Structures are given as C-alpha cells and as structure tokens.
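Going by my numbering, the sequence shown opens with residue 450, and the numbers climb by one from there.
No lab work stands behind these hints, which were simulated from the structure alone.
Computed from a predicted structure; not experimentally measured.
Glycine included, every Cβ here is placed at the ideal spot set by N, Cα and C.
You may find that some hints are simply not true.
Simulated pairs of lysine to aspartate or glutamate, EDC-like, Cα-Cα distance not exceeding 16 Å [to be verified]:
#1 Lys-608 / Glu-629
#2 Lys-1233 / Glu-1214
#3 Lys-659 / Glu-669
#4 Lys-659 / Asp-858
#5 Lys-1156 / Asp-1181
#6 Lys-488 / Asp-503
#7 Lys-845 / Glu-803
#8 Lys-693 / Asp-648
Pairwise CB distance ranges (calculated) [claimed, not checked]:
#9 Pro-1204 / Ala-1260: 16 to 22 Å
#10 Ser-816 / Asn-1133: 46 to 52 Å
#11 Lys-488 / His-912: 54 to 60 Å
#12 Leu-869 / Gln-662: 25 to 31 Å
#13 Ala-876 / Ala-1260: 46 to 52 Å
#14 Ala-781 / Leu-869: 28 to 34 Å
#15 Gln-662 / Thr-978: 34 to 40 Å
#16 Asp-1171 / Asp-1088: 28 to 34 Å
#17 Lys-1233 / Asp-1146: 35 to 41 Å
#18 Val-870 / Lys-659: 22 to 28 Å
#19 Leu-552 / Ala-1260: 44 to 50 Å
#20 Met-1139 / Gly-1040: 52 to 58 Å
#21 Lys-1125 / Leu-1031: 45 to 51 Å
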Amino acid sequence: MSKLLIVESPSKAKTLKKYLGSDFEVLASYGHVRDLIPKNGAVDTANDFAMKYDIIERNSKHVDAIAKAVKSADSIYLATDPDREGEAISWHIAEILKSKNLLKNKVMKRVVFHEITKSAVEHAIAEPRDISMPMVNAQQARRALDYLVGFNLSPLLWKKIRRGLSAGRVQSPALRLIVERELEIEAFKSQEYWSIHLDALKHSHGFTAKLIQLNNQKVEQFTVINHDQQSDIVGKLLLASAGKTTVSRVEKKQRSRSPAAPFTTSTLQQEAVRKLGFTTSRAMRVAQQLYEGMDVGSGTVGLITYMRTDSFSIAAEAIAQIRDYVKKNFDAEYLPKAAIQYKTKSKSAQEAHEAIRPTDISRTPASVRQYLTDEQFKLYEMIWKRALACQMAPAKFDAVSVDLSVGSDANLFRASGQTLVFPGFIAVYMEGTDDEEEEGESKLPHLETGEVLTVEKIYGDQHFTEPPPRYGEASLVKILEEYGIGRPSTYASIISTLQDREYVLLDKKRFTPTDVGRVVNKFLTEHFTKYVDYGFTANLEDALDSVAEGEREWLPLMAEFWQGFNQQLLSKADVERPGNELIDEACPKCGKPLQKQLSRFGTFIGCTGYNDEPKCDYKRSLNGAAQVGSDPIIIGNDDESGKEIMLMNGPYGPYLQLGLAVEGDKKKPKRVSVPKEISLADMNLETAKMVLSLPRDLGLHPVTNKKIVANIGRFGPYVNHDAKFKSIPKTDSVFTIDLDGAVALLAAAHTGPAPLATLGNHPTEDGQIEVFAGRYGPYVQHGKIRATLPKSVEPESLTLDEALELLMAKAQKEAPAKKTTTKKPTAKKAPAKKPAAAKATAKKPAATKTATKKPAAKKAAVQ
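Given these sequences and hints, build the entire structure.
Structure follows, in structure tokens:
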C-alpha cells in the first residue's frame, strides 16, 4: 500500500524520508499553496465573508507534483507545521485535491510532529486525526481581517497622505508604540538631582553607603537638586562625623533566585537579540533549521522541538531525562527534590504544544558543534542550557544590609551587598536583561552593631533624569506580548514589515519612527482610534483564540468587526489631508504663512502659497537648512574656488553641484551624489564640503604603487585600485577610510566575498546555500547558480525554503536558453555529415557509459 506524506519544507521532507519506510513518498508544499486573490472582492462582505482563493503561482508546480503523487497513493498524510498556519495549509491542500476529484476511495489524515525524531514521527503516524476546522477557521478569520483592514485603509492613506503607503491590523498598533515612545522622549525635560555618598573603611576593606535619611527625614530622589544644596549637606555631615561613623543596624538574610522558564517563541527571540545579537527574523530562521533536522554524524535528526509556541510546559519524559542528566553531571544539591513545573502566562496559549527544548538533552552542544554553523551552534547552545537550567536548584545568596549613622541616628547612610554562596542553575545559564546587564555581586566586611568605622570621604554625585529608552527588538517583542498585540509567531514579521514600509528605522539597535511613520500613525490614531487601540487589538486576538478552541464561531466575529469598521471608513472618506501643520512664521519670499509638509524626502517647512498664482516655491528643512526641490538651493561658498555650493535634485536623487555651468565651457561643474546615510535635514555648509571632497585620493598601494581612490557610485561607496572596485562595508565610511583600511579591504576581495549568511546544505545536492552582498544588491548562491533577492526580502530574513525557490526559478529560467543555443549549430551541420551521424548511432557503448552515471547522481542526492 503506497502512502504519501506532505510537509511544508523540502529540508523537513529530506529528514522524514529517512525515518519512514519505502512505502512512503514525502513531498513538500513549500509553504502556503493558496492565498486570497490580490484584489478587491477577495473577501465578500455581503455574502458571509466568502473568500476567493487562488493557487500561489510560485508554488503551482509543487501543487501539481502533489496532485500527481496523490493519484498513485492509497493514503495521504498531511504533516504541515503544528500551528494554525500549518492547519490551514493542510486544509488548502485538501480543498485543492477535492476540487480535482483526486480523493475518491482514498484515506486522508492529519498528523503533527512537535519534534522531528524517529520516535515522535512514528508515534504521530500511528495516531492521525482529522483536520481541525476550528483552527482553520481561526486562520481564515485572521487572514480576512488583515485583508479587510489592508485593502480598505491603504487606499485612504494613498488619498490622504501619499501613494504607496499601507496599514496593517497588527502592525499599526506596533507603530503606535514606537511613535508614542518617541513623543515621550521629545517631551521629556531632564531634571538635575544629587545623591550623597559615604566611603567607609574597616581595616583595609573599604565600601560605599548612600544617604537615606537626613535630619530624621527620608531622602527622596529630588531631595537634593543642585550643587549648592549638596555642598551645604556634605559640609554639615563632614563636620558632624568628625571622621567617624557608627554601625547602627546590621541585617543578614539568605535569598534565592529561581531559574527562568524554558523558552517560548517570544523569550527565545528576546534572548537571541540580547545575548547573540541576532534579529528576531534571524533567530526564527535558525530555529527552523534546528527543528527541521540536521545531520549530526549518526543521521539527520531534529535538534529542538517546534519553535512557534507560547507554552512553558515540558513533556514528562523530557523532564525526567533532564533531571537524570543533572543527577549524573552535577553534585546532588543541584537537583531539586521534585520536578519544577512552569505555568503559561498567556490566558490562552494558542499553540498547544511544549516549550522550546532540545529533543535529547544528552546531545550536548559540544557533541554537535562540528556539524553546525556558528549561528546554529550559538542558538542551540542557548536553548540547551536554558532547558537544562530550568530543572536545576535555585541560586542562593547571602545578602547583608547595613545602616551607618553620622553624628546621630538622625542621619543614616545605607550599604547593601550580596555574596553568591551556591550557584545552582547559574552554573549553567543566567537570563539576560533588557539593559544587557546581568546581576553582579558586592561584598561588605563583617560588621557588628555599635562598631565605629573610619570615614574616608563624604561627597555628592550629580545625576540627571533620563527619558525612557527607545524600543529595541527585544523590548518591542516584550511589550507586544504584554499588550497581547499579535502572537509570538508574528513578531518577526511585524518588525520587518514596519522597516520594509520605512515607517521606522533601526539605528544603534533602537527603533525611531520616520516622518512618514509619524504621519501615518497620527492619521490612524485620530481617525481610526479604536482599531489601533492596544486593548481592542488584544481582545480581537483573544477572540481568534476562542475560534481556534471551538468556543466561538468565526462568521459572527467577522460581521461584528466589519460593521463597525465599515461605518468608520465611510465617515472618514472626506477628512482633510494630514501631515500639513501651520507654524507661527511668515514666508520670507511672499509673506504668506509657512507650514510643515511631508514629501518623499521627509518633513520640511514650505510656503502655503505653493499652489497659488503666482506660486511660491519657498521651502527649507526643519532645522533651517536647505530643502531640496525643483530649484537649486544655495548652501554656501566653497573656500578654494569661491563658487556657490548648490543642493539639487536629479533622476537618481539629490546631489551637490559646485558652481553653475558656463556657456561655451566644455568642463562641467563638479557634481557629487548625496549619500543615503546623510539626511537632507542635516545638510549644511560643513557637510556639503565633506561630500564635495569626494573622490578622496588615499595614496599609493604599497605593492603595486598605483593610486587608491575612495568614492561613491550609483551602487554605494567603494574604493578603486587598478580598475578594480570594492564596496566599502557599512561598518566603515567613505569619508573616514584610510590607506591601510583600503589595502586590507582590497586584499579581502582577492579571497572572495564573505557570505552575509549561510542557510544550510542543499536538501538534494552537494554544497551549501549562502547569501552574499553583490554590486546590484544581495543574492543567494548555490554552486554556480546565483539568484538576486527581491527588494522586499531582507538578506537576514531569507529562509532556506525561499532561497531554494529563487534558485530553482533561476535555474529553470537559464535552462531553455542553453538548450536553444546548443541546437542551432547541430541543425546546420547535420545535412553535411550524414555518415558521421550514422557512425554516432552505431556507438551504443557510449550511450551505455552515459547511463551508468545515473546511480552516481542518486548517491550524491542522498548524502
């Protein structure tokens, strides 16, 4: 009896093929097979939200392969990922096969693998189930909601702000978080305050205490607010102390710290950002590779459980295995008497499977190091250590708190310290923090009440209150989870979407909203307040969870949402265009009011008379510098030539020009493009001179004695030597790179470019699949095949499956062309050489020789 197993990714198919018998054929759908048609009417709001699906073009060939295999199969097992997305993919495959009448007299079942191990796979195959329609309907509802918001709000943004903008149901509240934090920072007013400290000495052991009580009054943050005040207090305390301080209170206690829960999707992303410097999308891509399976010498096996989960639970067998590992490899006190159970914080953990853990705790990071890439090893090691630590004893500290009186008990300084006396779980893993600082330890000398110590000095420390920090990837994921916005599996896509739409920028690992992001957020919060409200978004997620659990029907939920949303759309059709805000200043050219305006270059100050007759074209940047437009803007004068430096706009963007073209003069004025990293708002005379200093002559190459030049071209900054070009990496600058740096860069070019990322081995052929930065943009390469990445795809977020798709499309595109070119010469020569053709026909051994090569190709495919 023939059996067909359908999974999502080819790498998982390759792993599963090794676990299943010869009865099974394993095929991949390559992700989603159907989606809503990309135009209005895909969700019919007047007909019970009927959804019009179409097969995704890039996956049509995989669907055809599945349909062909189904014809000869007796049983079909749908083994897509164990979440709502996977359930929906299985349903779509089933619907396609039904529409083709391919399921008559065939058995079709759903199986799920929470880990890719032989035992887990065999267990899943032995206990199949039907497709869960509540999970499918929850996914359909989510997709329909996202579609209705996107397809109805985006045109309104085009009309009211500018073309090309879009809004998302979940991304918009996330954008609101970033914008509101930025507004907090801008409105923040720093306050000065002082803390008073005492350095005490017992024998040779010194320590520091902080003033907590002054004249029997508690010292608060703003009790001391200026230099004169602290100077007066320090002087009085020094006088009262006479160089001595008395220990008035000593409190000792032992405290413990328990290990963190095992990883969920959210906490894994946060730790990968904090500890490993990954992006959220990179963390999920690498985790997917570890889940789907790696060849670790003894065969291909999944190294971790499914990585999309918000559950803290661990299977009893896995806990027993972890505890046994602790027992064998640590002293007895490191193993708690009973297993530690962790409760899921989420009201409704939508993915009802385990936390992220190793499939086998005895498979240590060191034992698999040689089989993994650096990023795979780092992530696996972190997951392995966290899972092991979660079943270990708490760490124990001796904590001491001491009060020191100066003059009398009316003035008290307090010192505290702790000493780690038993590491417990910390011996394996310590959880990171948002500020990337981990808890240290400090020691105090042994002190007794009434003891008199020497005062080394009393002094004040000046401080200023600081605004709340901007969100980084880790803190944004954390706040999204706290608010219930989206679900863990969507956080990476939320973040990448905000960046792709250029609503936010990630600068120094912190998010700042762009001018466009601010305007979009302002429009949505003013006119669609309910739909970017954090509570509303979270409640909608809870409602979708209820649908998935079979507690609620999806169509009434859709109707309730659409009724209110559609009414809001109709009422806002005639709202005024946002983004233009009058300022209290008159135009220096015509006297009319000035206003803030939004353009594709960002926000600027412009004249309200722009559309009047005669029109006024005055404009400038927010900080008073020139704003590029249709007319040249004078920045200042060049010191050497005395010519005017003008900011102008061309077909390839803004550029600087030195002086005007002189009629009859064949020599054109010097022009230099403004680098993308330089904001037009920051364009002043000093910056303009720096840009016009290009190209920079760095000196002579020490080996070739030929000149090296640094410059900016159409594809970015580069160094040029002996007609060879090498791009300057983002870590360096065309304005600061020196001769030594350029020589090193050119030397690295001869060894070939380093890959931006290594996605893993090709599932059916030899060789790795890698991502590189090319002259025309990033590309993915396997062997001699290179495929350029689409502009919408970030190199860091590219998955192995997506890379395979691009490479396959490229290979298919090139194959016909090669075939055509080889046929033409043969066609011309054939009539003139009939005997040779007959001779070739007679050479049967040669054909046999070619045929013998096929087994070798098969052998390569299974390695």
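Status of the given 16 to 22 Å range, CB of Ala-1260 versus CB of Pro-1204: The hinted range 16 to 22 Å holds for Pro-1204 and Ala-1260, with Cβ atoms some 20 Å apart.
Outcome for the supplied range 46 to 52 Å, where the beta carbon pair is Ala-876 and Ala-1260: 51 Å, holds
Hint check for Gly-1040 and Met-1139 - Cβ pair distance inside 52 to 58 Å: 35 Å, violated
Hint consistency between Lys-693 and Asp-648 [alpha-carbon to alpha-carbon, up to 16 Å]: 11 Å, holds
Lys-488 paired with His-912, Cβ distance criterion 54 to 60 Å: 58 Å, holds
Hinted pair Lys-659 and Asp-858, Cα distance within 16 Å: 15 Å, holds
Hinted pair Lys-608 and Glu-629, Cα distance within 16 Å: It is violated: about 25 Å lies between the C-alpha atoms, which goes past 16 Å.
Cβ distance range 25 to 31 Å for Leu-869 and Gln-662, holds or violated: 30 Å, holds
Cβ separation of Asp-1171 and Asp-1088, checked against the hinted range 28 to 34 Å: Since the Cβ atoms of Asp-1171 and Asp-1088 sit about 32 Å apart, the hinted range of 28 to 34 Å holds.
CB-CB spacing for Asp-1146 and Lys-1233 relative to the 35 to 41 Å hint: 38 Å, holds
C-beta pair Lys-1125, Leu-1031: status relative to the range 45 to 51 Å that was hinted: 31 Å, violated
Straight-line alpha-carbon gap Lys-659 to Glu-669, limit 16 Å: The hint holds at about 12 Å.
Consistency note: the structure conflicts with the earlier hints numbered 1, 5, 7, 10, 14, 15, 19, 20 and 21.
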